[in-house]
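J.: Please model the entire structure based on the sequences and the hints provided.
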Amino acid sequence: MNRTPMLPRNPALPSLGPITVAISNLLLSFVEHRCFAKTVATVDGSVKIGRTHMSDGKRKYEKKRRAEAEAQTRLRITESAVELHGTLGPAQTTMSAVAEHAGVRRSTLYRHFPDERALFGACSVHWAEQNPPPDISRWEQVEDPEERLGQALERMYAYYRRSGGMIDRLLRDEKSVPVVAEKFAPYHQFLEIAGEILMRGRNLRGNAAKRTRAAIGHALSFRTWQDLTEVQGLDDEGAVALMSSLAVAVR
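Residues 1324 to 1574 (the working numbering) are what the sequence shown spells out, left to right.
Worth double-checking, as some hints may not be accurate.
To be verified - Straight-line Cα separation of at most 20 Å, SDA-like style, residue types lysine to any residue; simulated pairs: (1) 1383 <-> 1394; (2) 1386 <-> 1398; (3) 1533 <-> 1515; (4) 1506 <-> 1517; (5) 1386 <-> 1437; (6) 1533 <-> 1547; (7) 1506 <-> 1456; (8) 1533 <-> 1514; (9) 1533 <-> 1573; (10) 1498 <-> 1545; (11) 1383 <-> 1395; (12) 1387 <-> 1398; (13) 1498 <-> 1511; (14) 1506 <-> 1437; (15) 1498 <-> 1512; (16) 1533 <-> 1567; (17) 1506 <-> 1486; (18) 1386 <-> 1397; (19) 1533 <-> 1520; (20) 1506 <-> 1412; (21) 1498 <-> 1544; (22) 1498 <-> 1415; (23) 1381 <-> 1393; (24) 1533 <-> 1434; (25) 1387 <-> 1399; (26) 1533 <-> 1574; (27) 1506 <-> 1494; (28) 1498 <-> 1414; (29) 1506 <-> 1387; (30) 1506 <-> 1402; (31) 1506 <-> 1395; (32) 1533 <-> 1523.
Derived from the structure by calculation, the hints contain no laboratory data.
T.: Shown next as structure tokens:
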């Protein structure tokens, strides 16, 4: 039986089905690597693709939010260290205790602070910013030495009243923890400079100058204030009056 032969397909017009699948697979691979949203559709024998980029603004927002979260975590760890150092003391505060107090994992703590030195450094800076010592440059503006001493002791004892818990632990632990001695050294330098300022204008020499300088140094000491107020029962005003009188009496 004679049949009408079928005409061959035009090789220039291949089937759309396989091409559509191939293009879709190719684009899918491309999109997965470039973070594009994709839409693949076949309409009237053609392939249409839509994609949207994540906006730069959104990326910047996400980056900023992550940075803020990291900063908050770091601050929470630092504040926990400050609280524990002020209650237990640096020598008794472990990294694990700080992590537990801050509510973070130890791995998170070590990501921010790789060792105790780094943590204590951040703790020291944070505490000093929150508890600045008196501005001794103002004392130099008071000409009368006795009035200058009285004002200085008032401010020092008020400072000790605010910050006594931490200073007490630091003075205790600086003898056994090297990093505490290193970071707390500026406090002792501060007292030395303060004593020299309070000696100015007294016109004393020899033993009189030596005794007066010793009395002023004793008056500036935290341990002196601590004993007068916590053991002897004086208030700050009474302690100032007593130490001011001592500086005059020893001449």
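J.: Now, for every hint given, state plainly whether the structure supports it.
T.: Hint-by-hint comparison with the structure:
no.	hint	verdict
1	1383 <-> 1394	holds (16 Å)
2	1386 <-> 1398	holds (18 Å)
3	1533 <-> 1515	holds (14 Å)
4	1506 <-> 1517	holds (19 Å)
5	1386 <-> 1437	violated (23 Å)
6	1533 <-> 1547	holds (19 Å)
7	1506 <-> 1456	holds (15 Å)
8	1533 <-> 1514	holds (16 Å)
9	1533 <-> 1573	holds (9 Å)
10	1498 <-> 1545	holds (16 Å)
11	1383 <-> 1395	holds (18 Å)
12	1387 <-> 1398	holds (16 Å)
13	1498 <-> 1511	holds (14 Å)
14	1506 <-> 1437	holds (18 Å)
15	1498 <-> 1512	holds (17 Å)
16	1533 <-> 1567	holds (16 Å)
17	1506 <-> 1486	holds (16 Å)
18	1386 <-> 1397	holds (17 Å)
19	1533 <-> 1520	holds (15 Å)
20	1506 <-> 1412	holds (14 Å)
21	1498 <-> 1544	holds (17 Å)
22	1498 <-> 1415	holds (13 Å)
23	1381 <-> 1393	holds (18 Å)
24	1533 <-> 1434	violated (51 Å)
25	1387 <-> 1399	holds (18 Å)
26	1533 <-> 1574	holds (9 Å)
27	1506 <-> 1494	holds (11 Å)
28	1498 <-> 1414	holds (10 Å)
29	1506 <-> 1387	violated (32 Å)
30	1506 <-> 1402	holds (17 Å)
31	1506 <-> 1395	violated (24 Å)
32	1533 <-> 1523	holds (13 Å)
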